[in-house]
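Peer 1: As a plain string of letters, each chain reads:
There are 2 protein chains.
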Amino acid sequence: MADQSLPEARTPAAPQPREGAAPPAAREGISRRRLLGTAGATGLVLGAAGGAAGYAAAPAGATPLSSVGEDRVMFHGKHQPGITEGLPARGHLVAFDLAPGAGRKEAAALLRRWSDTARRLMAGEPSADGDTGVAQDAGPSSLTLTFGFGHSFFARTGLEERRPVALDPLPDFSSDHLDKARSNGDLWVQVGAHDALVAFHALRAVQKDAGAAARVRWQMNGFNRSPGATARPMTARNLMGQIDGTRNPKPSEPDFDRRIFVPADGEPAWMANGSYVVVRRIRMLLDDWEKLPVKEQEAVIGRRKSDGAPLSGGTETSAMDLEKTDSAGDLVVPFNAHARITRPDQNGGAAMLRRPLSYHDGIDAAGVPDAGLLFVCWQADPLRGFVPVQRKLDRGDALTPFIRHESSGLFAVPGGAAEGEYVGQRLLEG
Amino acid sequence: MADQSLPEARTPAAPQPREGAAPPAAREGISRRRLLGTAGATGLVLGAAGGAAGYAAAPAGATPLSSVGEDRVMFHGKHQPGITEGLPARGHLVAFDLAPGAGRKEAAALLRRWSDTARRLMAGEPSADGDTGVAQDAGPSSLTLTFGFGHSFFARTGLEERRPVALDPLPDFSSDHLDKARSNGDLWVQVGAHDALVAFHALRAVQKDAGAAARVRWQMNGFNRSPGATARPMTARNLMGQIDGTRNPKPSEPDFDRRIFVPADGEPAWMANGSYVVVRRIRMLLDDWEKLPVKEQEAVIGRRKSDGAPLSGGTETSAMDLEKTDSAGDLVVPFNAHARITRPDQNGGAAMLRRPLSYHDGIDAAGVPDAGLLFVCWQADPLRGFVPVQRKLDRGDALTPFIRHESSGLFAVPGGAAEGEYVGQRLLEG
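If you read the protein sequences in the order shown, they are chains A and B.
If you're matching positions, the first sequence starts at 157 in the numbering used here and goes up one per residue.
If you're matching positions, the second sequence starts at 157 in the numbering used here and goes up one per residue.
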C-alpha cells in the first residue's frame with residue numbers, strides 16, 4: 157500500500173543537523189538560530205536562493221519548495237527534537253494510556269514503531285506501513301516528533317524502580333481547575349511542523365502505530381505564527397496580544413544545558429540528555445481580558461504590550477528595574493505583575509524553556525472562544541523549574557483572574573536516540 | 157485603547173489589487189495567480205527580492221517580512237475578497253443570528269462596522285475600536301473577510317421581498333446527517349489568512365463588532381497547506397490524502413464569471429457581481445477510509461492518489477476518458493467514481509468554485525478524529541452549481557460511505573463594496 161501511494165523517486169530533503177548530531181563548528185549557530193524561531197524567516201531567503209525542490213517527483217513546472225517545506229530536523233541526536241527548535245506553526249499534543257494487558261514488551265515495540273515513523277516522517281519519507289498520503293507533495297516542513305513517559309507508565313510496565321523522583325505528581329495549586337481526563341497519561345507525543353497537513357499526517361501515523369497497544373487519552377491542537385508572517389520572529393505573541401518568551405533561556409547562555417537537560421551522567425541513567433516537560437492547557441478568559449484598557453493589561457503583565465519592553469523602560473530585551481518607582485512612589489512594575497513574579501532571579505535561578513502553542517477550539521454556547529495557551533515548558537528538574545514559579549504565581553499573579561489552568565501533565569522525555577536505537581530503549585531494555 | 161496598543165508609525169503594506177480594483181492589464185494575471193493558489197510560493201521569491209518589511213515600526217535588526225506576511229488583498233473591488241484568492245493556510249467560518257429586537261437598522265450598522273474592520277485589518281491596520289493587538293508585528297498575511305446573508309436574515313429585517321429565489325432552502329439529500337444548530341444562520345463571515353494569529357485576530361474583531369446586534373450561531377476552524385510547504389501548489393490535498401480541486405473552474409476560462417458571479421445587470425440588483433456560497437461540514441470517516449488499499453481508494457475517487465491523474469491515464473490535468481474499459485470490459489473509471497459524477501460535463505455544465513478548508517477538532521472518546529472538510533463552494537446559481545451535482549452524488553457516489561455531511565449553509569454574498577460603501581449597503585439601504 158505504501159509503495160503504491162507514494163512517488164517512486166522521492167529524494168529526501170537535505171537534513172539540517174541538530175545540536176549533538178552536528179559538527180561542533182555548526183552546532184552553536186544552528187541551535188541558536190532554531191531556538192530563536194528565525195529558521196523560517198532566515199531560511200526563506202536561503203531557500204529562494206538555493207532553489208532546488210525537496211524531491212525529484214515534483215511535477216514539471218512546479219514551484220520549488222521554499223525552506224518552509226524544505227527544512228528538515230534530524231531525528232537522531234543527543235536530545236530529542238522538538239525542544240530547542242523554533243516555534244512550529246502547527247502542533248499537536250497527544251497522550252496515550254497503555255491498553256489493558258499491554259506491558260513492558262508492548263511498550264517497547266510501540267516505541268520502536270514510533271521511533272521508526274518519526275525518523276521517516278521527519279526525513280520527508282512515508283511511514284513504513286500504509287502511509288495515508290496526506291503529506292505527499294509537501295516537504296518535511298521542520299516536522300518534529302517528541303516522546304515522553306508519564307508517572308503512571310512505570311507501574312503498568314513493571315518499571316517502578318526506574319521511575320525518576322522528578323516525575324512525582326506536581327503539587328496542587330489553588331487556582332487550578334484541572335480536568336483529569338485531559339491531564340497526564342502513560343505516554344505523551346508532541347508533533348510540530350510548519351505545515352498543518354504535515355503535522356496531521358504525523359499525528360495519524362502515531363495513532364495508527366499505537367494499534368492495540370495504547371489508546372488515546374487526550375489530544376490537543378495548537379498553532380503559532382507562520383514563518384515569514386512577522387518581522388519580529390524572536391518572540392511570539394499569544395492570544396492576549398502579549399509578547400511571550402522574551403526571558404526564555406538561550407542555548408548561547410553558559411547554564412542553558414544544565415537548566416534544560418539532565419546531564420549525560422545524571423540520574424536515572426536512562427534519562428541522560430533528557431528533559432522533563434510540563435504541559436498545561438491554560439484557557440484565556442478573553443472577554444474579560446479584552447475589556448481591560450491596555451494600560452491595565454500592561455500593569456498585569458509588567459511589560460508594554462506594543463513591544464514587550466519592561467514598564468521600567470528600554471526595549472524588549474532590557475533588564476527589568478524591579479525597584480523603580482513613579483512620582484507617587486509606587487512600583488513602576490507592580491509587585492504582582494506576571495513578568496516580575498516569573499523572573500528567574502526571583503526564583504532561585506529557576507529557568508524553564510517555554511515552547512508553547514496557542515489553541516482555539518471554536519466558540520462555546522455563550523459565544524466565548526475556547527482559546528488560550530498550550531503551555532509546554534522544558535527543564536532539567538521540574539522542582540527547580542516549573543514548580544517554584546507556579547507556586548509564586550498561584551499566590552499572587554495579577555494575571556490569575558484572566559486565565560484558568562484546565563489540564564496538566566508532567567512527562568519524562570528521554571534523550572535522543574542514537575542511530576539504530578529507539579527512543580526510550582535505555583529505559584525499556586536497559 | 158487602540159492608540160495605546162499599536163505602533164505609532166505603521167505603514168501599511170503595499171496593496172495587491174484584486175480583480176475589478178486592478179488596472180485591466182494587471183487583472184487577469186493577478187486573479188489567476190491567486191486562484192491557482194500560487195501566491196505564496198511565487199510571491200516568496202518576489203518578497204525575498206523586494207526586501208522591504210511591511211511596516212516602519214519593526215525593531216532594529218528585525219527580519220523582513222516575507223511575502224507570506226506582506227501580501228495584502230484589497231477590500232474594495234468588484235467582488236468581495238475571499239472567493240477567487242488562493243487557499244488560505246488558516247480560516248474561520250462563523251455564522252451569526254441577529255439578536256431579538258435587532259432589525260434592518262441594526263444590521264446596516266453592523267455591516268458598516270464589519271466593512272470598516274475588514275478594510276482596516278486587510279490593510280494591516282488595527283481595528284477602529286479597542287484592537288486586541290494579536291496581529292501586531294505581523295503583516296496582513298493575505299487576510300480576507302467575506303460577508304453573506306442567509307435565508308432567515310430577510311424576514312428578520314423586513315426585507316423578504318428582496319430575498320433572492322436562489323436562497324430557497326437546499327433540497328434534502330438522503331445521505332445528509334445535518335446538525336441544525338451548526339447549519340445556516342442570518343449572517344455568515346469567512347475569514348482567511350496565511351497566519352493563524354492574524355486570522356484569529358480578525359475573527360475576534362468581527363465578533364466584537366457584532367456587539368448586542370448579533371450572537372454567534374456556529375463557528376468552525378480550518379486549514380490548508382502553508383505557502384512554500386509544497387512543490388505542487390496548484391491543487392490541495394485533503395485529509396484523505398487525495399488531490400482535490402483539479403477541475404476547479406479557472407478565471408482564464410471564458411465562462412468563469414458567468415458561472416461564479418451574478419452578472420452586473422443580474423437579479424436581484426443588490427446581488428450584482430455577488431455569488432452564492434454553499435458551506436458543508438463534511439466529516440471524513442478516516443478510520444474506514446484508511447483501511448482501504450490505495451487501489452480501492454483510487455477506484456472510489458476515479459483518480460490516482462499519487463498525482464491526481466484520471467485512472468484512464470495521463471497527468472492530473474488530462475481529460476478523463478469516461479468510456480475507456482480494461483481487458484475485462486469494465487470501465488477504468490468506475491460508474492460511481494466520485495470524479496466521474498462531479499464532472500461538469502456530466503451535470504449540464506454545472507460548475508462551482510470550491511475553496512475548502514480541512515478541519516480537525518481533536519479526537520473523540522473512541523479515539524476517532526473529528527476531522528474532514530469544510531466544503532465552501534461558490535456559484536452564480538446554487539440550482540445550477542451545487543444542487544445538481546449533490547443530487548447525483550446522493551444517488552450513487554462511491555465516496556458516500558466514507559463521508560458524512562454534518563452541517564449545511566447557503567448564503568448570498570453580495571458584490572464587493574465600492575470606496576465609501578459597505579458590504580450589503582445596496583440591500584440594506586437600496
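FYI, nobody ran anything at the bench for these hints, they're computed from the structure.
The reader is advised that the hints may include incorrect statements.
The list cannot tell twin chains apart, which means a pair is met if one copy fits it or any two copies do.
[Claimed, not checked] Dumping the calculated DMTMM-like pairs for lysine to aspartate or glutamate here, alpha-carbon to alpha-carbon at most 20 Å:
1. Lys-447 - Asp-520
2. Lys-261 - Asp-421
3. Lys-364 - Asp-526
4. Lys-447 - Asp-482
5. Lys-364 - Glu-446
6. Lys-364 - Glu-281
7. Lys-364 - Asp-463
8. Lys-364 - Asp-550
9. Lys-234 - Asp-486
10. Lys-480 - Glu-262
11. Lys-364 - Asp-421
12. Lys-261 - Asp-463
13. Lys-364 - Asp-517
14. Lys-406 - Glu-472
15. Lys-234 - Asp-477
16. Lys-447 - Asp-335
17. Lys-548 - Glu-479
18. Lys-364 - Asp-443
19. Lys-234 - Glu-575
20. Lys-447 - Asp-421
21. Lys-406 - Glu-317
22. Lys-261 - Glu-423
Peer 1: Would you mind marking each hint as holding or not holding in the structure?
Peer 2: A quick look at each hint next to the structure:
1. For the homomeric pair Lys-447 and Asp-520, the shortest alpha-carbon distance inside one copy (19 Å) is at most 20 Å, but the shortest distance between copies (34 Å) is not.
2. Proximity of Lys-261 and Asp-421 under a CA criterion of 20 Å is satisfied in neither setting, with 27 Å inside one chain copy and 72 Å between copies.
3. Taking the closest pair of Cα atoms, Lys-364 and Asp-526 come within 20 Å of each other only across two copies (16 Å); inside a single copy the shortest separation is 28 Å, beyond that limit.
4. Taking the closest pair of Cα atoms, Lys-447 and Asp-482 never come within 20 Å of each other, the shortest separation being 25 Å inside a single copy and 67 Å across copies.
5. Only between protomers do Lys-364 and Glu-446 lie at most 20 Å apart by alpha-carbon distance; the minimum there is 10 Å, versus 41 Å within a single protomer.
6. In this assembly of identical chains, Lys-364 and Glu-281 lie within 20 Å of each other by CA distance solely inside one copy; the values are 16 Å within and 44 Å between copies.
7. Taking the closest pair of Cα atoms, Lys-364 and Asp-463 never come within 20 Å of each other, the shortest separation being 44 Å inside a single copy and 24 Å across copies.
8. In this assembly of identical chains, Lys-364 and Asp-550 lie within 20 Å of each other by CA distance neither inside one copy nor across copies; the values are 39 Å within and 31 Å between.
9. Taking identical chains as interchangeable, the C-alpha atoms of Lys-234 and Asp-486 are never at most 20 Å apart, the minima being 48 Å within one chain and 56 Å between chains.
10. Taking the shortest Cα distances, Lys-480 and Glu-262 never come within 20 Å of each other, neither inside one copy (58 Å) nor across copies (49 Å).
11. When the C-alpha separation of Lys-364 and Asp-421 is checked against a cutoff of 20 Å, the pair qualifies neither within a copy, at 35 Å, nor between copies, at 55 Å.
12. Taking CA atoms no more than 20 Å apart as the test, Lys-261 paired with Asp-463 passes in neither setting, with 52 Å inside one copy and 40 Å between copies.
13. Only between protomers do Lys-364 and Asp-517 lie at most 20 Å apart by alpha-carbon distance; the minimum there is 18 Å, versus 24 Å within a single protomer.
14. Taking the closest pair of Cα atoms, Lys-406 and Glu-472 come within 20 Å of each other only inside a single copy of the chain (15 Å); across copies the shortest separation is 47 Å, beyond that limit.
15. Taking CA atoms no more than 20 Å apart as the test, Lys-234 paired with Asp-477 passes in neither setting, with 38 Å inside one copy and 54 Å between copies.
16. Within a single copy, Lys-447 and Asp-335 get their C-alpha atoms no closer than 27 Å, and across copies no closer than 33 Å, so neither meets the 20 Å cut-off.
17. With identical chains, the CA atoms of Lys-548 and Glu-479 are at most 20 Å apart within one copy only, with a shortest distance of 19 Å there and 73 Å across copies.
18. For the homomeric pair Lys-364 and Asp-443, the shortest alpha-carbon distance between copies (9 Å) is at most 20 Å, but the shortest distance inside one copy (39 Å) is not.
19. When the C-alpha separation of Lys-234 and Glu-575 is checked against a cutoff of 20 Å, the pair qualifies only within one copy, where the shortest distance is 11 Å, while the shortest distance between copies is 59 Å.
20. In this assembly of identical chains, the alpha carbons of Lys-447 and Asp-421 never lie at most 20 Å apart, being 51 Å within a copy and 45 Å across copies at closest.
21. In the homo-oligomer, the alpha carbons of Lys-406 and Glu-317 never lie at most 20 Å apart, since the shortest distance is 34 Å inside one protomer and 65 Å across protomers.
22. For a Cα distance limit of 20 Å, the shortest separation of Lys-261 from Glu-423 qualifies neither inside one copy, at 23 Å, nor across copies, at 70 Å.
Checked against the numbered hints listed earlier, the structure breaks hints 2, 4, 7, 8, 9, 10, 11, 12, 15, 16, 20, 21, 22; every other hint is satisfied.
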